[in-house]
Amino acid sequence: MWNYIVRRLLYNIPVYLGIILLLMALLRVGAADPAYTFLGKNAEPGDLERIRQQLGLDKPFLVQYFHFLWDVLTLNFEQESWGRPGRTVGEMLSTAYIPTLMITVPGLMITATISICVALISAFNRGRFADRILMVAAVVGMSVSFLVYIIVGQYYGAFQLKEWVGTEVFAIEGFDMEKNGFISGWLTYCALPVIISVIVAMGYDTRFYRAVMVEESTKDYMVTAKAKGAGRRKVMFVHMLKNAMIPIITRIMTTLPFLIVGSVLLEYYFNIPGMGNRLLGAIADKDFPVIQTFTAIFAVVFILSNILTDVLYALVDPRVRLQ
Amino acid sequence: MWKISRSVVVRALALATTLSLAPQSAAALPTDPGPNGKDLKVVQLPLRSDAPKTIDPGRGSTTYDNRACSMVYDTLLQYSYLKRDPFVLEPALLTKMPTPSEDGLTWSFELKPGVVFQDNECFPGGKGRELVSEDVFYSWKRQADDRTKAKSWWLYKDTIVGFDAFREEQNAAEKAGTGFNYDAPVAGMKVIDDHHFQVVLTEPVYRFIWLLAMFQTSVVPREAVEHYGTRFSRNPVGTGPYMLDEWTDLGMSFVRNPTYREEYFPTDLQDGDEEIVADLSKGKRLPIIDRVEYTFYKKDQPMWLRFEEGTLGYTQVPAENYETAFNRRTKKLNSSYKRRGIVSADVPLLDFIFRQFNMQDELLGGYTPEKIALRKAIILATDFDEFNSSFYNDKNIVYDGMIPPGLDGHPNNEEHRAGPEYRGKNIALAKEYLAKAGYPNGAGLPAINYYVANSANSPEQADLTMRQLGEIGIELNVRMMDFSSLIEACDNKKAQFFSFAWSSDYPDAENNLALFYGPNQSPGSNHANYENEEFDRLYEQTRSMQPSDERTEIYLRMRDMVLDHAAFAGSMARTRSYLIQPWLRNFKPTEQFYNWVKYLDVEESLRE
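Line by line, the protein sequences are chains A and B.
Taken in order, the first sequence gives residues 802 to 1124; the numbers are from the numbering used here.
Taken in order, the second sequence gives residues 26 to 633; the numbers are from the numbering used here.
Simulated from the structure, these hints should not be mistaken for lab results.
For each residue, glycine too, the CB sits at the ideal point set by N, CA and C.
Check the hints yourself; a few may be wrong.
[As the list claims (entries may be wrong)] Using 25 Å as the maximum straight-line C-alpha spacing, the simulated DSS-like pairs for lysine-lysine come out as follows:
hint, chain 1, residue 1, chain 2, residue 2
1, A, K980, B, K66
2, A, K860, B, K200
3, A, K963, B, K200
4, B, K323, A, K980
5, B, K420, B, K363
6, A, K963, B, K363
[Said to hold, decoys possible] Simulated restraints on C-beta separations:
hint, chain 1, residue 1, chain 2, residue 2, range
7, B, R632, A, V1039, 56 to 64 Å
8, A, V966, B, T88, 33 to 41 Å
9, B, V67, A, F930, 53 to 61 Å
10, A, L1081, B, P471, 34 to 42 Å
[Claimed, not checked] Pulled a few chain A residues facing chain B out of the computed Cβ check, cut under 8 Å:
hint, residue
11, T838
12, L840
13, A844
14, R851
15, E881
16, G887
17, R888
18, G958
19, F960
20, I973
21, E974
22, F976
23, Y1069
24, A1085
25, K1087
Construct the complete structure from the given sequences, taking the supplied hints into account.
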């Protein structure tokens, strides 16, 4: 297995270098010149050239490319942000990923758990009333815009709830983990965004997992298990779930890298100082150091999660061999 | 190899430490009650749309930078808080208004004695020292230093004798390796003693007096700049009413500066001020509030709900909440708010919202009768009143020309018109002009590229523009982009026709007329790339004129020249509506200056 992992890592080095190359080229060719962004409405021709020099954009592209690669390789994230003077890229990113993960990780775990359970029930009762109700609910859930969930959720779940009960249950916005301790802070500031993200994701996930379970439920081993007298719960949670794990793992693992990106809308509305918020700000500011560093980190996480997915396949399904 | 590995390990550990601790704030400062009361007075205020990028007056340029800098730093002059029509300047760091020589070229200044910088580790023993004349010139020279990455050199350019040459020489010296010498003399900057100095101007430019109240000209101590280096942007040390306590991604908080200079709440109340000024505040020492907490809101709903629950002291009224707060027909505050003691205030902005033509564009540019006719057709087909009612609840002022309401040169009649021929909607006349331009009913006219910055309702506004121009047969290609891409397209003279807005930096029409001054062509602020020798001559002439009927007359001539050449379609000035909690006292909203927080007071007994 270790051979396989090392080999996959080596294969991915050129892919990684290509991603960075492509990103840096796109930023420099496709995006607006950061010097214009930097100077605003009162620029002068001389100023533009001066700012380009100060930002290092006057250097040949390959020099910029290798300089950045070296920074990534040596974990040097000390470059000053272009959009937020006085802050380093490392500070900008390090302060953003924890708030994001505090929303996305519980969101993923809760969504996956509930969706899989609902999908199991739905698949086991395929065509019956319970299945139909659950699927109608899933389709309705999918059809409503994420933005509507956020606006309505924030209004009723935070503002109106406080009016009704007379005390703040969920905060309208903010992120303060120090004031009343971590648990209380998480419940006040993160729970509502998590609930909203779970509701939004459940519709999609439930339908997907149900389709997987339904397919599994028609397989011969299910008939055999039932014929052998296995109980309903055992058939569902041992036989069917285990065999459905490959697509489930695939779905969860493909979501994994995106956990660090976060949700821009949730972070904007609930004032969560997360990665989505930060990244969009960096894009608006044409803050190349932040965008590049974030992408470099994201690409590493993406590659590693792909490799991990393959390893997990082998662990859950003995028929899969890592070669 | 070992060196690299060790460095990597050290950095990884440092990164991991940073990640786990995630520090975002400076050390907490003492928050003892101020001299005005026993209880600590705290207020929470919103910063809508965005956060400041820096609290360094040398590097800042945005409204948000202005708001943050105005808390910590002082300028030589400041806007008189209660006087709005017209705006009036008064001394801040000075003992009296600066006095010009007879020829208007030499200005003499006297600093207030005993003004000290906030206590900070950059000073020996951590004790802030007295602000002296050299500090003023040092702060201004930072704008000339390329290493500062200043964005506001345009304020000083061609203004002070020898300053432009100083900038060139010192930056050249820096490049050559001999270093930027802040102590090198500038002919127009004369230190007489610690509290007296003179400035010699290249010409007696009237706007100079307004620059002295702009946050970019605030005074910073050299020790702090040198001590903090690039981190000075986030470690401000000024003489202002507040000190930065904490700056996170969500907001920033300030605490009262215990060494703030002696300043008192103004006693010269204007009409209507009695209602907003708390009796107890009159003559009180500033700042009144001990702690100010700002929250940044990128979305309006959380800001609105925080105001509704009584947390925020005031809010701007977002367009989508307008009808919740006001009766759309009468524009009066709804009774449910009145019952809670909430009051509203309308703030007219010195705004110039317009659609601009690139006068160097092959299709739309040029000064021949046909080209002018084509642009006039577009202007006359554009109905700004419809934009006002569709997107701004009819709260804006639609006017002709580039001079906003409240400034000399604005068409002062009720209709805000320069003349009926300058503004749409007049479809019949627009079609006539289009025919004169050689495109009857738009036949043969290629689609025009219309550049728009992507914001809240800009797609809908672009749709309306398309529909309005479509009425005379003109087709638009809408190019929606982020603001920086729009700036780049304008700076490169690639944008053919574009939507733009200008908020006056200071309340003088000269600031708006500069948008059509030839030497300011792109990438400068003249994005129309308008060229008119007579206009330029008059602009240069008025720069040194004091406000007078004669100057206003020239402003009108200049305005009409641009209107006759049809260099833009316009105009509109926004009126911002505010709601204010009953417990927030002394708040007289303005968006022209931002050092007003020091005047605010809170009446705790009125808080729910």
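Here's how the hints hold up against the structure:
| no. | hint | result |
| --- | --- | --- |
| 1 | A/K980 - B/K66 | 20 Å, holds |
| 2 | A/K860 - B/K200 | 16 Å, holds |
| 3 | A/K963 - B/K200 | 61 Å, violated |
| 4 | B/K323 - A/K980 | 23 Å, holds |
| 5 | B/K420 - B/K363 | 20 Å, holds |
| 6 | A/K963 - B/K363 | 22 Å, holds |
| 7 | B/R632 - A/V1039: 56 to 64 Å | 60 Å, holds |
| 8 | A/V966 - B/T88: 33 to 41 Å | 38 Å, holds |
| 9 | B/V67 - A/F930: 53 to 61 Å | 57 Å, holds |
| 10 | A/L1081 - B/P471: 34 to 42 Å | 35 Å, holds |
| 11 | T838 | 4 Å, holds |
| 12 | L840 | 6 Å, holds |
| 13 | A844 | 4 Å, holds |
| 14 | R851 | 6 Å, holds |
| 15 | E881 | 6 Å, holds |
| 16 | G887 | 3 Å, holds |
| 17 | R888 | 7 Å, holds |
| 18 | G958 | 11 Å, violated |
| 19 | F960 | 5 Å, holds |
| 20 | I973 | 5 Å, holds |
| 21 | E974 | 4 Å, holds |
| 22 | F976 | 6 Å, holds |
| 23 | Y1069 | 5 Å, holds |
| 24 | A1085 | 6 Å, holds |
| 25 | K1087 | 6 Å, holds |
Hint violations for this structure: numbers 3 and 18, all remaining hints satisfied.
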